[in-house]
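Residue numbers (this note's numbering), protein chains in the order written: chain A, 68 to 282; chain B, 45 to 634; chain C, 668 to 942.
Subject to a maximum C-alpha distance of 25 Å in a straight line, what follows is the list of computed SDA-like cross-link-like pairs (lysine to any residue):
hint, chain 1, residue 1, chain 2, residue 2
1, B, Lys63, B, Ser573
2, B, Lys496, B, Gln555
3, B, Lys310, C, Phe807
4, B, Lys310, A, Gly135
5, C, Lys761, B, Ile409
6, B, Lys579, C, Val744
7, A, Lys134, B, Ser386
These aren't lab readings, by the way, just hints derived from the structure by calculation.
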Amino acid sequence: MAANAATEELELIEVGGGGGPRDAGFGRDDGGAPLIPQRIYFTGIWLALAAILMFFMGLTSSFVVRKGLSGDWVAFSFPRILWLNTAVLLASSLTIERARRALLRNELAGFRRWWRITTGLGLGFLAGQVIAWQELAAAGVYIASNPSSSFFYLLTAAHGIHLLGGLGALLWVGGRSASAYVRATPFTAVTVSSIYWHFMDGLWVFLVLLLFLGR
Amino acid sequence: MAAHAHPVVHEAPKGFIRKYIFSTDHKIIGIQYYLLALVSVFIGIILSLLMRLHLIAPTIDLPWFGQMTPEQYLALMTMHGTIMVFFVLTTAPQSGFGNYFLPIQIGAPDMAFPRLNMLSFWVTFAALIVMLAAFFVAGGPGGVAGGAPISGWTAYTPLSAIGPIAGPGLGMGQTLWILSLALFAGASLMGALNFITTTLDLRTKGMSLMRMPLTVWAWFVTAILALLGFAVLLGAGILLLLDRTAGTSFFVPAGLVVTDTQIPHKGGSPLLWQHLFWFFGHPEVYIAILPGMGVTSHILSTFSRKPIFGYRAMVYAIFAIALLGLSVWGHHMFVSGMSPYSALAFSLLTMSIGVPSAIKTFNWIGTLWGGQIRLTTAMLFAIGFVSLFVTGGLSGLFLAQPTVDLPLHDTYFVVGHFHMIMGVAAIFGIFAATYFWFPKMFGRFLNERIGKIHFWITFIGVYAIFMPMHFIGIFGHPRRYADTTAVQFLAQLDPVHTFMTVAAFITGAAQLLFLFNFFWGLWKGEKASDINPWKATSLEWTVPSPPPHDNFQGRFPTVYRGPYEYSVPGAAEDYTPQTAPDTGQPASRH
Amino acid sequence: MTTKQAGVGSGLAAAALAFLLILITFSTIYIFVKRIWWFPEAITPLGADVDAQFVRTLVITGIVFFLAQLGLGFAIVRYRDRGRRAVYSHGNNKLEILWTTATAIMFLGLGIAAERAWARFHFQGASPGALQIEVVGQQFQWNFRYPGPDGVFGRTDPALINDGAGNFLGLDTSDPAAQDDLVVPQLAIPVNREVELILRAKDVTHSFFVRELRFKQDTVPGLTVRVHFTATKTGKYEIACAELCGLGHHRMRSDLFVLPPDEYENWLRQQAETE
Chain A
68 MAANAATEEL
78 ELIEVGGGGG
88 PRDAGFGRDD
98 GGAPLIPQRI
108 YFTGIWLALA
118 AILMFFMGLT
128 SSFVVRKGLS
138 GDWVAFSFPR
148 ILWLNTAVLL
158 ASSLTIERAR
168 RALLRNELAG
178 FRRWWRITTG
188 LGLGFLAGQV
198 IAWQELAAAG
208 VYIASNPSSS
218 FFYLLTAAHG
228 IHLLGGLGAL
238 LWVGGRSASA
248 YVRATPFTAV
258 TVSSIYWHFM
268 DGLWVFLVLL
278 LFLGR
Chain B
45 MAAHAHPVVH
55 EAPKGFIRKY
65 IFSTDHKIIG
75 IQYYLLALVS
85 VFIGIILSLL
95 MRLHLIAPTI
105 DLPWFGQMTP
115 EQYLALMTMH
125 GTIMVFFVLT
135 TAPQSGFGNY
145 FLPIQIGAPD
155 MAFPRLNMLS
165 FWVTFAALIV
175 MLAAFFVAGG
185 PGGVAGGAPI
195 SGWTAYTPLS
205 AIGPIAGPGL
215 GMGQTLWILS
225 LALFAGASLM
235 GALNFITTTL
245 DLRTKGMSLM
255 RMPLTVWAWF
265 VTAILALLGF
275 AVLLGAGILL
285 LLDRTAGTSF
295 FVPAGLVVTD
305 TQIPHKGGSP
315 LLWQHLFWFF
325 GHPEVYIAIL
335 PGMGVTSHIL
345 STFSRKPIFG
355 YRAMVYAIFA
365 IALLGLSVWG
375 HHMFVSGMSP
385 YSALAFSLLT
395 MSIGVPSAIK
405 TFNWIGTLWG
415 GQIRLTTAML
425 FAIGFVSLFV
435 TGGLSGLFLA
445 QPTVDLPLHD
455 TYFVVGHFHM
465 IMGVAAIFGI
475 FAATYFWFPK
485 MFGRFLNERI
495 GKIHFWITFI
505 GVYAIFMPMH
515 FIGIFGHPRR
525 YADTTAVQFL
535 AQLDPVHTFM
545 TVAAFITGAA
555 QLLFLFNFFW
565 GLWKGEKASD
575 INPWKATSLE
585 WTVPSPPPHD
595 NFQGRFPTVY
605 RGPYEYSVPG
615 AAEDYTPQTA
625 PDTGQPASRH
Chain C
668 MTTKQAGVGS
678 GLAAAALAFL
688 LILITFSTIY
698 IFVKRIWWFP
708 EAITPLGADV
718 DAQFVRTLVI
728 TGIVFFLAQL
738 GLGFAIVRYR
748 DRGRRAVYSH
758 GNNKLEILWT
768 TATAIMFLGL
778 GIAAERAWAR
788 FHFQGASPGA
798 LQIEVVGQQF
808 QWNFRYPGPD
818 GVFGRTDPAL
828 INDGAGNFLG
838 LDTSDPAAQD
848 DLVVPQLAIP
858 VNREVELILR
868 AKDVTHSFFV
878 RELRFKQDTV
888 PGLTVRVHFT
898 ATKTGKYEIA
908 CAELCGLGHH
918 RMRSDLFVLP
928 PDEYENWLRQ
938 QAETE
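When you get a sec, could you build the whole thing from the sequences and use the hints?
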């Protein structure tokens, strides 16, 4: 089992036929089947995160501009449960890292346990977000009530949808690792999912601070 | 050992649907994008001809549709702009040719994520259907324009944000327009991710970055722009949709009264939409033109039988244009009420784009200089591209200065400028690429004789249509006018409008030659028995025409040199393919 | 050499293309130099500045246009395929540095030269004695409000807007300052006196454009933009809308009258009487 992505890359370049470090190491002189490097999934996820970051930066600058321009910005009472949700999501980042480390040590049972816990925490976070919305709605604060609440619903929903995608990845990887037919758990999928998950976590910390301090 | 690398699937998929409809083969997807653009461009051309006709004969009775109203004109204009910018200029050069040739030119079997590639095409297709659906919904201007919105391709708020009360087509039609662009943005993000990953990770042995053809560089940088720009467009589209449907007030200020009806929104900022839109919209201009620059470089070098002049400078210029292109959106907003202080920064940054653009132009002429120039149809269109790029680029220097923009903004000068550079220059890039790569893609040649007639009419035609627009813009003709009879000083420009309309119809008719040539070439064209008919050096000319399912049949090439080794002294042939091994001859030093 | 490449070095095609490039270049330059379609005469000092900067830009872009198009045409003819092998060269760094520096100096110099006029137009406010007039765009007409003898604009309220009753701006007549406000569909100003326009919009974005003033300014809902100028030539000029505002965009026009001071006072009196 490769220790991490970096050694995996090195290994692959050797497999690929001794290209220099500037080459992708793709293609082989012996005419054998070429290998698609696992690196594409890492490149892909970082690019996806760059696009997601631009998306949220666009919305954040709209938030700042809209708040700065207007005299109609009214603070709403911040649902307390959001802090609990934040704690849950932060915890899930720790558990997903424990799962990944377990897999590194080839402890499949430990991996599966921590992976399931992470998935549960992710679901818990989303449930908590729904409760926060219900709290606000019960207090009569809707999406059109005020720009502050418009941005609250918009940003939490946008983050929630992205997190739901991450949850899908967690469930998919979890399903694969439970399957008897796949002896080795796809390490790349695990690492890529956890990069995404950490990013969603960090993004949420940014958003919750923006919404709390900027409300 | 866990599977950290998996072998490429060799077998081509069986069955018509898997092979040609829901294909994951980048070549099929490239052709699909190209055909989508071809359909779109003819819709776009027909819309523009109807508009040109209305401008010189506002009372004419159209068969089936009757007399065109001003609001129908505006709806056609909106759809013309949107379809051309998104479904033609963004799809054909980047997603069409880029998909087909980027993997081959770097020696890869396919895109990095073939299924994502297929998804991005079909989402683009859905976006086009949703966009065209706007013609068929209620609440629009009717007639030839159906339910299409009238707010222009820029959809400035509040016009686009407050619904049907602001005008016909601004209800359901506008909503479909936004949904379509959101879909398109999503598809473009997937495509961009694929392009960048493929370029970074799937280059064959020896294909270092500085040995990539300039086409690959252009597609790569375009993908970076798309990745950053379309993400923001998606966000802006969601905000606009919420303003229209959920009652939020991001873009709609308080106290609006439209025809005595008070609008309930409050506190939003119309300028916020303009900032978000142009943050995407300006890079979009480069998304349309950069692939054309790449193709032009590629073809000029090939048919001059000469290495590209200043390869590295060309690569750096592409990056400089892209980087500056991301920070100049404010030059669209000099008279918008934006802070006049920020105008100074936006202006100087925009003027700076002139520098890498000039580098590219001079290097193209430098490539021709001392060459052995062969005027194939592809070459003619590439030379036409340079000429149009110079003309359209220079008129940009007027608009980049807030002082000079004061009279010229939102006049026909702007229309002339952007049609020259992001419209027809980009289209010339597409034509050049089509004539050049058609034998590789379909194993048959396009007819060169028809191609040349097509070139001559089109080249003269586009100058005849768009050059006068600069002049009537200086005279003061505002753009987006459905009718030129109300504002009195426009009356004396009538002969110019007539001239441009006639030129537009002739040029439009000449495109039928291309359409005929294209389909005739597909089935009846001269067979391209030679896999390298142009005697070119890059990797696509080392594989059969059309290339097999994984391009290289498992035997991936090793690259030994740069992409433009023409007329190397001492070499037997006047071209040295990238795959030719070193033989002690003076190697290329890029 | 395949059949595809035979005859493509034809001198005729090269000459025709070069001729076309020359034709385009010279006819463009001719039309600019003869000013066949040109700005109307400017009536403000700003207009003179704008025209001067336009001509500077025209000269510099004209030189680049001329060199690039004719260079292209020359290269096509001179280096057409005549059976001689092409020169093997990857470029020339000295030339590269030369034209990079040259264009950078020209283009940035031009950009900096343009900023003086912009600064005078936008960075300095109107002088205290300037005549203030409010300009309000709406679908599809222009409204101009004069503060009246008291020199104060009265209160307005969007809730009071009633186009049918002629209260286009929602003037609140309970405010004493509003009672002498004059709202008219045409703009008249005295010659040689500084005017400050206060631009607003009722519904969607419009743009106030007078060719002879050499500027346009968007009128944006929710935003108040101020511009100032001094017209130095009497006459009647056309006001057009320059930002797409809906189906009647093309007919959203009005007139600007630049009048001698006494005629201006007469005009104001007449308007107040007819109201």
